[in-house]
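Student: Whole structure, please, built from the sequences with the hints as guidance.
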Amino acid sequence: FHILIFLLNAFVLLAPSIFRLVHFSSGASSGIGKATAVLFARLGSRLALVARDEQRLKETVAECKAVNQTQHPPDKEPYIYVTADLLDPIQIEAAFSKTMAHFNQLNILVNNAGFMPQDNIETVSMQHFEQTMKVNLYSAVLLTHLAVPALTATKGTVVNVSSVCGTRSFPNVLSYCVSKAGLDQFTKCAALELAPKGIRVNCINPGVIVTPLQRRGGMSDSDYAAFLERSKVTHALGRAGEVDEAAQAIAFLASSASSFITGGLLPVDGGRSAMCPR
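Count the sequence shown with mature numbering (1 follows the signal peptide of the UniProt record, and there is no 0) and you get residues -27 to -1, 1 to 251, in order.
Keep in mind that the hints were calculated from the coordinates and are not lab data.
A couple of the hints might just be wrong.
[Stated by the list, open to error] Each computed BS3-like pair below joins lysine-lysine, with the alpha-carbon atoms no more than 30 Å apart: (1) K161 to K107; (2) K71 to K170; (3) K170 to K49; (4) K71 to K38; (5) K71 to K161; (6) K107 to K31; (7) K107 to K71; (8) K170 to K128; (9) K31 to K71.
Tutor: In structure tokens, the structure reads:
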């Protein structure tokens, strides 16, 4: 009963400050990005969703419509998607321009896209290193740069999706760790620079979350199963996280419930960043 009251209070707290706001999210076709889009739709946001996979984007939009069936005129469609390869800055700019043409405002930018190759200093290829940097870091920098005028007008927020790999070091994911450490520093620098404009910039640093990320980076199904099993030991709470848990943290940082937080790195990692080898 007490847990139900807490959850209802949390929903009441977040919903008014996100209702009818425009939310732009990269990497929205799966994992944390998809869960965040569906949560924001439930809370009443209007959404622009960006990823490479058109079919999965359509599925995300369908889920958004399923959780919020408010009727809108065709020219006021609340959920749009744009296919774009985040390796290409021209496509990123086009996706952002399409969003602004449709909504004419932006309140929340979520930089969520991620790529995680399995590499180390001996095996890393410069092609994969550059690709990881472009998806995980450059796209966030470019989108935030493009969004500043619109976010200034709305006193909006930016939420970056980083990783425990940004604050802690792990072997065999070299490119990913470096890119996420850069994203953490970008979050803090941008927060300082944009605070005078009333724009808040924060990030979440998830631990292991059950998503397709590792397998898309080359991890086999058997290795991934072992990876999740090991999470029971490497995370203080004894398990990997779920995408909805990361999405709730993003919603908090995007809402007025976090109005005095900027430049923050919020661990959503089941205690992993607090753990030491044992």
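Student: Which earlier hints can't be squared with this structure?
Tutor: none
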